[in-house]
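K.L.:
Once you've looked at the hints, dock chain B against the given chain A.
Read top to bottom, the protein sequences are chains A and B.
Numbering of the first sequence is given in numbering that gives the first Met the number 0, commencing with residue 0 and proceeding in unit increments.
Numbering of the second sequence is given in numbering that gives the first Met the number 0, commencing with residue 0 and proceeding in unit increments.
What the hints contain is simulated information worked out from the structure, not anything from laboratory work.
Which bits of chain A does chain B cover? Going by a derived footprint, with three or more residues having C-beta under 8 Å, they are: (1) 27-36; (2) 60-66; (3) 116-125; (4) 284-295.
Residues of chain B clear of chain A, computed beta-carbon distances all greater than 10 Å: (5) Asn69; (6) Glu430; (7) Asp533; (8) Gly549.
Chain A stretches covered by chain B per the calculated footprint, using a threshold of three residues with CB under 8 Å from any CB of chain B: (9) 131-138; (10) 256-267; (11) 303-317.
Using N, Cα and C, we set each Cβ at its ideal position, and we do this for glycine too.
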Amino acid sequence: MNKTKNILTLFLIISFSFLYPQMPVSKQATLIESISSAEVMIEATGIYKGKGKSDRKKKKDVEKNGMSRAAKDAKKSAVYFVLFGGTDPLLSTVDEQQKFGAHEGFYFNSDNVSNYITYEDTQVIKKVKIDGGKGLRLVKRFKVNKELLTKDLEARNIIAARADLAETIGNPFIMVLPSVPKGQSPIDALRTNPAYKHAAAVVESYLTARQYDVIVPEQQESMESLNAAQMDLGDREEDYAYQLALSIGSDVYIEFSGVEEDAGYGTKKYALTARAYETTTARLLGTETGYSQGRKGELMVSVEEAMNDAIDKVLSRVTNYWKKDVDKGIQYKLIFNLSTDFDEDQIEEIQFALMDAIEEMSKSSKENIVTNQTVDYLIWCDPKKYDKSSKVYRYVKKYFKQEETEGTLRKVNVNRKMILLKVDYE
Amino acid sequence: MKTTKIIVVIIFVCLGNILSAQQGKYVRKSVSSLESVWFKPGSVGGLQFDSKTFDKFIDFYIEIERFDYNTLPANLLQEFRREANSIEEVSADALSEVLQNTVTSKIVEILNDPDVMKERGEALKDESAFQSFAATKAKSLGLTTDELKTLMNSAYIYLPFISSAKKESEGADDLSITLEGGIIWWQMKMAGDGSTSVEQVLSATTKGYSVIDPTAKAPITKEPLYNKFKFGTEEWSTTPTQYCQNDAMLAFAKNLGVKTKEIDDFKLQAQIVEADGKKYAFPLGFKEGVHLDDGFHIVEFMEDEQGNEVAEQIGFVRVAKTGDNKSDPNNFTYANQLLGSKVSEGTVVMEHPRLGMDARIKFGMISGMNISRSHSQLPNFLGGEYIFVDDEGATSAIGANITFAYNLAPIIGVSQTFLDIDMGFFMPVVEINPNAEAFPFIIPINFGVTKKIQFGKSNLGVGVNGGFDMFSMAGTITVSTVSSTEYTYAYSIMALGFGASVNYEMLLTPDLSFNIGAGYRLGLAPLSASITIDETEYDLTENYTTYFPGKDFDETFEDLNLGGLGINLGINYALGELPINLFGFLDPLKKH
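If we strip away everything but chain B, and leave its shape as in the complex, we get:
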């Protein structure tokens, strides 16, 4: 990382909490949930909002390990709701006032609880506090005024809100739900004299979207696809509408989770305590919810010409082994440096929260495929026209591919192992019959696994995948029999395909990598073929001879090959937000 990025200008102003004690020390926060969702007026139209599941997802993604949770009594929450509902014009400021009047006194009581103080007190103490007279001779680990000030000002309250929840459908086989909203975070501030105030620290917005075919069934079991929603080891019965809603909610809550972690006060940070080349250890771990492959910026403090201390991001590390600091506080997390020059002990690492999912866009070419002229023939009733002009047909295609890669590392314990889902769009390089006015294309859809082997800022990824390739030709054709008739058609051939690829990636920024690679895809003989003419679908697989007299489906397509050798280049981006839910059901299984 040659260009040093200044993230914070005046540290004394922006990162006061860091400099007040030990640089780069994360102080656990005390978080209270209002166990409610604030629906902005008219936001939920005709949708029965599944609050129970929404709360489940919010609990999972927001109430994370780095926080201590306060359970507020039901009567106080009711009082909050009653007062909030009586506000004429609901705004974040008006809600702050209601919070101040209703729940803050209970939070103060919780914070003053001797057990809570004892539990949290030790973490608030500086390293040297354990060497003080009070700790050594007097055996007192009671909290001092400064520590109490930190404790009493580390309480936060959050409230998710929905600004719009829309359900749309264009028929029985189409259902989409869009959730728009966000989360508001307040900090409870307490002065030395015990007076409290509530201050809004964040209002972030996001979106969750899901689209399903409610009539869809599993290809093998023929069971309805959307009658059960799975989340980790849990599953519950749903209607397709509820499934769609849950799916959108999961994406929504997951995005809010990242936005919460992005609040400066909530970002995990620590000092590097061991440095061995570009491998570093720091005192964070499972207790704070650190997982394998989590990214951390390396932050260094510089004194500028005016004598101000400014924080600069000078590198990036990725967790190689998460420390189990729940049982042993000295079990450190180890991380490898991917960007920037070597640093020494005392340098600060600061969390870079991401979804744990990458988006990869690759542009490339496949050669060695075989889509011959005979494969492009239209059925007899469309005149039996060949779409390709040359006998040789298409042997190569160019196009692009988008992959969403879910990092399995925190689940399986193997760094940089991804579960991929990808979809491409390729156009065969071939001359098209002008009479057919066709647009041929290939859409591969695959699931796969990729393992990246990291060396410095580069990595070599080896992946395997399997899925379907759909060769399609869509266009209009004029058939002249008695009179000329124009038909709109879409001709599709579906085939299985398996592939393997090797990719080289170079990290340009913590989120962005350049990617170049090659792969081979083994295209199998087609499984099916169909043609849709003016919205009427004809199955060609079983009735091929009918539509192509004298020809057999298997014989015709036995030499079709939608695979080949591909080369590609593109980019990989670590996502911080994604409006759709992909592999979200795996999130509760993270344990490494």
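So that you can see chain A by itself, here it is in the shape it has in the complex:
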């Protein structure tokens, strides 16, 4: 009897899942606009295929249920797009997608999916009968609350929670600067160009809404702490944005540039490119161009619209970079400047001592430059042991002293991400 019950239950579950599959049928959607740091406007397609034995019954079913079921499918497709679609979905890794599989029913449950929809067009963009009337396809616009969806994914441990990441390796510090021609100051550009100032404010608003630590680099004085003369930064020595980011210890800096162009009918549209760099390596983490609608005047509206379009994607790439860093450890840039008073043997001895210290202390490291005067390393340390750059400095100094070389290790500049040291001849 029990066996029969179980078989019947299983049969019902299977039938139910066939009748009411949770995943959307269409999975077609387009991102229309990032409205704010929390919401996106999606144009989604919903498909409903009529049920019944005969064509007539299928058509009748489409007439009766097509509109409501296809609208539900469109809602699911909108949420699906945020989760899986586009260039920067919320579920960006295979692991996250696999974890999501177990919770699929929850997210695509008809009732629950509506929680993420904050707005639905009352009218359709398009409604078309397909398969000779046995199916219906409609296109509608929805506003999806990406923030709520993200929190739900974090709550179910499908994606790493931002708070957990912050606890492990600290919140990344991000700085926002306009891109300027070499030799010019980005701070001056921020001060003199209202469009740039507004664009920076938009990015900062996104960052603070997502609880990143934002560094506002508008104090010219910060620049003064940079002693470029003591560092060998290769061909980037004239890149103020890079130098500034490095000097004030941001993990990531976002550089942007914008241009206004004619869009016809007397309107102008704003195109804005945002690039996120890893400060310590100047590695490009993500770049995206956003476009505003063409409009007459209202430059600030266009700037913000274009930035909204670009920054959301760039930030999701920054987040991914940050997640990866959790596994590798905290990253620091370590630069040693060796005095020219050492001879070749002494230099080698000092270099080996420094390298050993690095090997001993870091989880992994990358050698950038090793010359007679400069040793430039990227290191990834255990965040539990080396959550501050000063701890790294102390360890290296201690280790170096124990090696009893001819030199003395001294600090030039230590900030969150960069440890600039010098080795003087005793």
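P.N.:
What follows is chain B alone, placed relative to chain A:
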């Protein structure tokens, strides 16, 4: 509607404007009038054209609520006229060029006016545009490039033309005027770089006709009938010729109005936003000039085997309540579905413009009438011959009836209520005296009111009417006295009649209905009788005893009954064009 009618094959080509944004969204058009009529060479011969009244009618029927109007400055219009008049061979293409050179720059200026943009801009926006960052956070409802493109390409210019205006008369009591012509519509197109071009989108022709008796007087007041022309609450003094011309103009302009509404770009359309059984709501209303009982096709888009989207008419609805969207944009218009299966929200309704007037043709039989043999006797001086052979005379008649029914619903607010004018032609079923060589017939002329009660695609119409019945016998007779003389005669008896009828109608297409019905007509005793012999009329009413010695008019005709019980079947057709003006004076009173 079992047979699905494909109206447009490739939607991407023909209805691009529908698919470019929200399906089935009507975009208001900006219309400029050239305040002129183009008379084709030699078109107005000997007729003093009443341009002022013509403009009035054109303004009323063409410049309708769905359009925004631009007033072009007089100097530009003069320039247009001057350049147009200097064209050697006037054609629509040549006029396009003149338009491009004269008025387009002003239209662009009007379209760029910030107030115009603000007023029209909101209507151009999609529903979701009000949820965008620009609208919500930036509080900006400024027009985007796409919206400006729509705005700048929604300007139209029209010019009515007369190809022939003829006045004809066959005597002092006969005057007819025929107007032939049409309307040309141009669309002004503007590219992103600001360059403009003018493209002809429609050239439709129509006709207006009026015939009057200039000497006619009102039966009761004895005032001349054609010294005042009424249009809604307005009236103006006219000569009979001007009246006749105005009458033809009204019919002409009204037809052009329908032809204008029939242009695809101008057809009102909307998505169904509420569906309750076969009752639907859609966001159109008084602002766009929708009226009670207006018809809309239900249009659905289908994907064919090649993946093209094609529009199909799958049903028909009639407005049951017009939405007052002037004060509240969410006050929807409600319509009942008459043809086709139920549809859901999101389906598109598209206007089916008509005149608001039906033509009904019915064939039938009247029985229970009484036209006895004594009623058919000719006067003594024609030999006193009886036209009917049998003593019983005629108790039934067969024939046909044509009714023009003006829908009063937009005026009185009661759906499917018609003001009827009808005229019939019936032949009594009777054996005719071969000597008289007569052809007897009855012509009823009536005014009436009909109310149709709709249920699905069927309706039951109950009507009452009253009017005149004219029993007539026309023929030739040879009278033998000294010598045989042949006379041609027409003998008429006029009587009042009142009737009531019940009709069942079934809608076959949005325009065509099948009709079957029955009615009773109470024929009263005759008011008058006369006979015309070789074009000389003799009044028999007062001098009956003279022509019928020993007989009295009242006594003879007291049992005449031209009414009876009638049964009929026929068709009802919703008119899109009618060359004559019937009840046109009521059009300005439409408010529901």
